[in-house]
Amino acid sequence: MTEFEPKIVAFVCNWCTYAGADLTGTSRIKYAQNVKIIRFPCTGRIDFMLLLKAFGEGADGIIVSGCHPNDCHYTSGNFHARRRWIMFRGLLDLLGIDVRRIQYSWVSAAEGAKWADVVNTTVTAIRELGPYTDYAKVANYLEKEANV
Amino acid sequence: MNELIQKAKSLLESDTVQVVIGYGKGSADKTRAIFLTKPEDCDQLLFDSRCVQNLAVYLTKHEIKHLGKPAIVAPIPVLRSILQLAVENQLKESDLVILGVSPESKLIEFDSFGAIELFLNAYKIQIDEKYKATIDKIKAMPVSERFAFWIKELEPCFKCYACRAACPLCYCPKCTVENNQPQWIPAASHLLGNLEWHVMRAMHLAGRCTDCEACYNACPMGIPIHLLTKSMLQDVEEHFGPYGPSVGKRNTLSSFNPDDKESFIR
Numbered sequence: 009m010t011e012f013e014p015k016i017v018a019f020v021c022n023w024c025t026y027a028g029a030d031l032t033g034t035s036r037i038k039y040a041q042n043v044k045i046i047r048f049p050c051t052g053r054i055d056f057m058l059l060l061k062a063f064g065e066g067a068d069g070i071i072v073s074g075c076h077p078n079d080c081h082y083t084s085g086n087f088h089a090r091r092r093w094i095m096f097r098g099l100l101d102l103l104g105i106d107v108r109r110i111q112y113s114w115v116s117a118a119e120g121a122k123w124a125d126v127v128n129t130t131v132t133a134i135r136e137l138g139p140y141t142d143y144a145k146v147a148n149y150l151e152k153e154a155n156v
Numbered sequence: 220m221n222e223l224i225q226k227a228k229s230l231l232e233s234d235t236v237q238v239v240i241g242y243g244k245g246s247a248d249k250t251r252a253i254f255l256t257k258p259e260d261c262d263q264l265l266f267d268s269r270c271v272q273n274l275a276v277y278l279t280k281h282e283i284k285h286l287g288k289p290a291i292v293a294p295i296p297v298l299r300s301i302l303q304l305a306v307e308n309q310l311k312e313s314d315l316v317i318l319g320v321s322p323e324s325k326l327i328e329f330d331s332f333g334a335i336e337l338f339l340n341a342y343k344i345q346i347d348e349k350y351k352a353t354i355d356k357i358k359a360m361p362v363s364e365r366f367a368f369w370i371k372e373l374e375p376c377f378k379c380y381a382c383r384a385a386c387p388l389c390y391c392p393k394c395t396v397e398n399n400q401p402q403w404i405p406a407a408s409h410l411l412g413n414l415e416w417h418v419m420r421a422m423h424l425a426g427r428c429t430d431c432e433a434c435y436n437a438c439p440m441g442i443p444i445h446l447l448t449k450s451m452l453q454d455v456e457e458h459f460g461p462y463g464p465s466v467g468k469r470n471t472l473s474s475f476n477p478d479d480k481e482s483f484i485r
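So the protein lines, in turn, are chains A and B.
So my numbering is basically just the index in the first sequence, starting at one, shifted up by 8.
So my numbering is basically just the index in the second sequence, starting at one, shifted up by 219.
If you are wondering where the hints come from, they were derived from the structure by calculation, not from laboratory data.
Predicted model only: the values in this text are computed from it and were never measured.
Backbone N, C-alpha and C define an ideal beta-carbon position, used for all residues, glycine too.
Mixed in with the good hints, there may be bad ones.
[Said to hold, decoys possible] Computed spacing ranges between beta-carbons, pair by pair:
| id | chain 1 | residue 1 | chain 2 | residue 2 | range |
| --- | --- | --- | --- | --- | --- |
| 1 | B | ASN340 | A | GLU151 | 48 to 58 Å |
| 2 | A | THR83 | B | GLY287 | 20 to 30 Å |
| 3 | A | TYR82 | B | ASN221 | 54 to 64 Å |
| 4 | B | TYR342 | A | TYR82 | 35 to 45 Å |
| 5 | B | HIS281 | A | LYS38 | 57 to 67 Å |
| 6 | A | GLY66 | B | LYS325 | 51 to 61 Å |
| 7 | A | ASP79 | B | SER482 | 18 to 28 Å |
Using the sequences and the hints given, assemble the complete structure.
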């Protein structure tokens, strides 16, 4: 059996983390290749449904990252996002969706090394947790029944 | 309830309002919402412990607005919803006449939203101990078990959207579930779609829900969806302080504090 390679989706803001991830690359820092980065105008734009959609489409882990508090390009987008994440995390936890699979972080445009570290630690953590079969079973239950 | 009937009659007779929204006799032993436009019909009004439907839901409905200015029979849950609608700029004081009903079934009139808020200060939203215990019990399960529990609970949902229709705060003219470009949430009764719909419903009510339980009462399958909103109410209180609709104050999720605390962001 081949080793499990986690599929990680990263929702990042254009102004800080995307630029930070770019810096990681231009600094020639090597990091795990499991992450697929999706660029958003702002963390305030990251709808909670997108996270569910990522899990539904087979992601094993999610990274959500944006500007540090007080650094938002739009002044307050990340403050709003933070409140939403606090509420969303509580709801997901109640519903039994594994919140350990969602890593939130603040990565600025100057923190290329931090981005590599965030990705690497997330990949390691998800590798230990294994594939997200609970959610995949629910997402694909019609197909499973058809196969039986 | 003579007081209420007399008041409703006089409001219709003087043409202060064109419709009275209240509770009347329903089928079997139930009560239902009635919409009175003639003073002589006002005798049908009743109020007792069976009247649990949240009438505030009708205030934002197009069909009811069409009838003219309403007077609404408003026990405490309805008052809370009215106040929340006012906070969200969906109602103006001149839009309606409120026939408040106290827990002792006394008629109380409110001349402003501020007066409702003052009155409600004595009746803060409080989550029942039995619900707290249920929520704690669910939270104590291991994560996979909790997930399996909710998937099983949500499985009977066939997306009739009665929870949405019964909720005074679900007033968007077009809901996300009606969007099909792209189809955000599968319309069929599908485990994933059911989960997504209830997550979305709860999230859209986060920091707005006034805990009237109309969603749970409306659910034909008896799914305990009110536990989601109750748990979120607890979360709001825990993270952002005491909660309740207040005119001039913004909703929890449409405002922020630079000093909001969390422990999970790296």
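Hints, verified against the model:
Between B/ASN340 and A/GLU151 the CB atoms are about 54 Å apart, so this pair conforms to the stated range of 48 to 58 Å. In this structure the supplied range 20 to 30 Å is violated for A/THR83 paired with B/GLY287, their Cβ-Cβ distance being about 43 Å. Separation of A/TYR82 from B/ASN221 is about 57 Å and conforms to the stated range, judged on CB atoms against 54 to 64 Å. Between B/TYR342 and A/TYR82 the CB atoms are about 39 Å apart, so this pair conforms to the stated range of 35 to 45 Å.
Range check, B/HIS281 to A/LYS38: Cβ separation about 59 Å, and the 57 to 67 Å hint holds. For A/GLY66 and B/LYS325, the Cβ-Cβ distance of about 58 Å falls inside the hinted range of 51 to 61 Å, so the restraint holds. Look at A/ASP79 against B/SER482: about 20 Å separates their beta carbons, and that is inside 18 to 28 Å.
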